Amino acid sequence: MSVMGINEKEMFASGHRACAGCGEALALRHILKAAGEKTIVAQSTGCMEVVSTPYPQTAWNIPWVHCAFENAAAVASGVRAALNMKGDKETNVIAMGGDGASFDIGFGSLSGALERGHKFLYVCTDNEAYMNTGIQRSGATFPYANTTTSPAGKVIPGKQQPKKPLPFIVAAHGIEYVATANVANLIDLKNKVEKALAINGPSFLHVLVPCTPGWKIDASTTIRVAQKAIETWAAPVYEIEQGVLKLTQKPEQKPIEEYLMMQGRFKHVTPSIVEKIQDYVDKRKKFLLENDGKQLFDVLY
Amino acid sequence: MTEKLVFNKGAIIHEPGSTMKYKTGDWRTFKPSIDNSKCIKCGKCWMNCPDAAIRKTKEGFFEIDYDFCKGCLICEKECPVKCITHAVEEK
Amino acid sequence: MVKNVVISGSEAIAEAVKLCKPKVLPMYPITPSTLVPERLADFVFDGELDAEMIHVESEHSAASALFGAYATGVRAFTASASNGIALMHEIIPIISSARFPAVMSVANRTISGPINIWNDHSDAMSERDQGWIQMYCESSQEAFDTIIMAYKIAEKEQVSLPVMVCIDGFALSHVYEPVQIEDQKKIDSFLPSYKPKTYLDPKKPTTVGPIGFPNSFFEFHEQEQIAMNEALAEIPKVHKEFDNEFGRKYGNGLIDLIKMKDAKYALLANGTSVGTARVTVEKLRSEGKKVGLIKLKTFRPFPAEEIRKACKNLKALGVIDRHVSLGSEGAMTLDIKSALANEKCKVEGFISGLGGRDIDTKRLKKAFEILEKGEKGIWLK
Chain A
22 MSVMGINEKE MFASGHRACA GCGEALALRH ILKAAGEKTI VAQSTGCMEV VSTPYPQTAW
82 NIPWVHCAFE NAAAVASGVR AALNMKGDKE TNVIAMGGDG ASFDIGFGSL SGALERGHKF
142 LYVCTDNEAY MNTGIQRSGA TFPYANTTTS PAGKVIPGKQ QPKKPLPFIV AAHGIEYVAT
202 ANVANLIDLK NKVEKALAIN GPSFLHVLVP CTPGWKIDAS TTIRVAQKAI ETWAAPVYEI
262 EQGVLKLTQK PEQKPIEEYL MMQGRFKHVT PSIVEKIQDY VDKRKKFLLE NDGKQLFDVL
322 Y
Chain B
2 MTEKLVFNKG AIIHEPGSTM KYKTGDWRTF KPSIDNSKCI KCGKCWMNCP DAAIRKTKEG
62 FFEIDYDFCK GCLICEKECP VKCITHAVEE K
Chain C
9 MVKNVVISGS EAIAEAVKLC KPKVLPMYPI TPSTLVPERL ADFVFDGELD AEMIHVESEH
69 SAASALFGAY ATGVRAFTAS ASNGIALMHE IIPIISSARF PAVMSVANRT ISGPINIWND
129 HSDAMSERDQ GWIQMYCESS QEAFDTIIMA YKIAEKEQVS LPVMVCIDGF ALSHVYEPVQ
189 IEDQKKIDSF LPSYKPKTYL DPKKPTTVGP IGFPNSFFEF HEQEQIAMNE ALAEIPKVHK
249 EFDNEFGRKY GNGLIDLIKM KDAKYALLAN GTSVGTARVT VEKLRSEGKK VGLIKLKTFR
309 PFPAEEIRKA CKNLKALGVI DRHVSLGSEG AMTLDIKSAL ANEKCKVEGF ISGLGGRDID
369 TKRLKKAFEI LEKGEKGIWL K
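Protein chains in written order, with the working numbering: chain A, 22 to 322; chain B, 2 to 92; chain C, 9 to 389.
In case anyone wonders, no lab produced these hints; they're calculated from the structure.
Any given hint could be a false lead.
[Claimed, not checked] Derived pair list, reagent style DSS-like, types lysine-lysine, alpha-carbon separation capped at 30 Å:
#, chain 1, residue 1, chain 2, residue 2
1, A, K237, B, K5
2, B, K5, B, K22
3, B, K83, A, K107
4, A, K107, C, K193
[To be verified] Computed list of chain A residues with no C-beta within reach of chain B, every gap over 10 Å:
#, residue
5, I27
6, M106
7, F128
8, E273
[Claimed, not checked] The following label-pair restraints were derived from C-beta to C-beta distances:
#, chain 1, residue 1, chain 2, residue 2, range
9, A, N312, C, N223, 52 to 62 Å
10, A, L310, B, P81, 52 to 62 Å
11, A, E111, C, F225, 54 to 64 Å
12, A, T291, C, F226, 21 to 31 Å
13, C, L334, A, G129, 27 to 37 Å
14, A, E58, B, T86, 30 to 40 Å
All of these numbers come straight from a predicted model, not from anything done at the bench.
Glycine included, C-beta positions come from ideal geometry on N, C-alpha and C.
Use the sequences and the hints to build the structure in full.
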């Protein structure tokens, strides 16, 4: 009897060099369990690529390809085209990238691959900064977070811009399935991967994954922090299926301070900043609740 | 790694899962242990280990693979019945 | 069935690619390469070529999709020029270090700036360090033939390096010449289907593109250098086989010698300027001058030994470089000066035809005059 119906096979082997308590490695482990062995992963440069393939060793028990930072979606397009020409309709193609690779530098190639309608799943594992290069700000960095390029300075207290709404931008491409997930809810993640892979076209998954050195949290609290992100609505969990928004969880909202105080990257926040962040989170929550169940996007595929 | 390095054509690695030759267990500062007498076999520890360093036993309990456990202690944090505790790793 | 047609250099390339039966075609348009993807699109959309065309959103993605297709074990092709090649710059060496035998046509156009759509070799020359075999074509027929030979050379086990087949933008890409399109069956027997030993396969999982630490990177690069040396031997072999099969030869595939036997002064050129140089040499010969021409077909790997042999009895060699490494000299001039460092023959570089400036017999005659006078090479503006 497997634990909660989860595939027991490990397709991401131990011995990888991820930090103790790495949220991304955990998410990856379960995404692959849901996808199964008939999967090819095309990965962007980033933490996962670096920790999993130190030549001559590899943590991957499935076929895996890495080319560069901004092109996982383009490489995946080439892989899928080749599989099509070989008559292979069964093998899953999953393109994976962090937030830097997906929100920023790989944005164009992601958009192109979505537009072309290839059958592939793009997974963005979001730890809200360029972590592999030492915690720099990305388009996905949470407002007011301290990163090395958006530091909690004497004049400017952390990142000043809102978080780029990538799942909505992806959904606007008219694809059939977009979802956000969280490493604190691995069964939900599993279900969403399965749903996404069943689509006969592009699908997109955004997974929030805490980073222990980047978020400045204790390694043991990875799941607790991720869970708090859901409870405070800092990272809402939803699907956009056939263009219709469906909130997966509508928890009783906890004050944002509970999320912020768990992480060193927010230790500089003053009460007035907390108020601003609370306002930011409340506005996003309001938008989602008002549009829950509504057809927000035209479906083109 | 005392194996002699072989340079595969195109730097392609033909040995899947070969990171298991690298025992990340020696990264540990804290060493978790599971008390089976309290364990309810829910599997949350196994599920939440980023390193797949917890194995299911034949009896349905869970045992930590100390070759790979990095001592992050997520398992201890997530256990609903607090049957996992830790001590400082002895060197 | 053999067909004799009058088509442009670009269309000749598309016809040859079609006969090589690639399975995946990532394509992005850029002047003057665009006729190649357009013609290939005709073939695919009319059902004449069974391939999946990927209309990528940038050249960087074209090279990336090419990488993905080869990683999955199929023959593929893309085409670009100028800034498109520049945009691929990051991915180009990743394709060669993975040892994928890709083929790409380059319709040589200058790299901006200022922005300029006309012919010079700065696009391909900027990639000369990156581990791709680089060959230049003088005619539409040669372009057709070279595409087919390129796949064969690239796919040789001991080579396994990608190939850039270069045609001069507008000067060849858009020029109509007679081309013999060969029979599919004959091409199939010359170039059998691509069967790689390793590719992404759930039944036999491999990891492509790991980190190469300092303890391995050097050796991987050395393997590519060794493969380049193998290519120096394989390129003439494949050209000989092609000549035996189809009755057309291009020197030995690395260089061709025109009136070099008793020449005292010679020019070295690549691409369409070879044609102009042939005419110039004819004219000067008729005036009694002992002049010759070396056509450089293969620039990478650089055929140093062949050029040394060819220049043995020369007083001076003028290199017609459609490229300049600003702050130094033209790429071919630098390689040739290095190859002939200990030889008696003098080498002078003539920067020519940048940004589509014409290279005519007048300018090439000037180059010969300068060589005869023992003067330094100039920018042949």
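Hints and how they fare:
no.	hint	verdict
1	A:K237 / B:K5	violated (38 Å)
2	B:K5 / B:K22	holds (14 Å)
3	B:K83 / A:K107	violated (52 Å)
4	A:K107 / C:K193	holds (22 Å)
5	I27	violated (7 Å)
6	M106	holds (21 Å)
7	F128	holds (28 Å)
8	E273	holds (21 Å)
9	A:N312 / C:N223: 52 to 62 Å	holds (54 Å)
10	A:L310 / B:P81: 52 to 62 Å	violated (30 Å)
11	A:E111 / C:F225: 54 to 64 Å	violated (36 Å)
12	A:T291 / C:F226: 21 to 31 Å	violated (52 Å)
13	C:L334 / A:G129: 27 to 37 Å	holds (30 Å)
14	A:E58 / B:T86: 30 to 40 Å	holds (36 Å)
Of the hints listed earlier, those the structure fails to meet are numbers 1, 3, 5, 10, 11, 12, in rising order.
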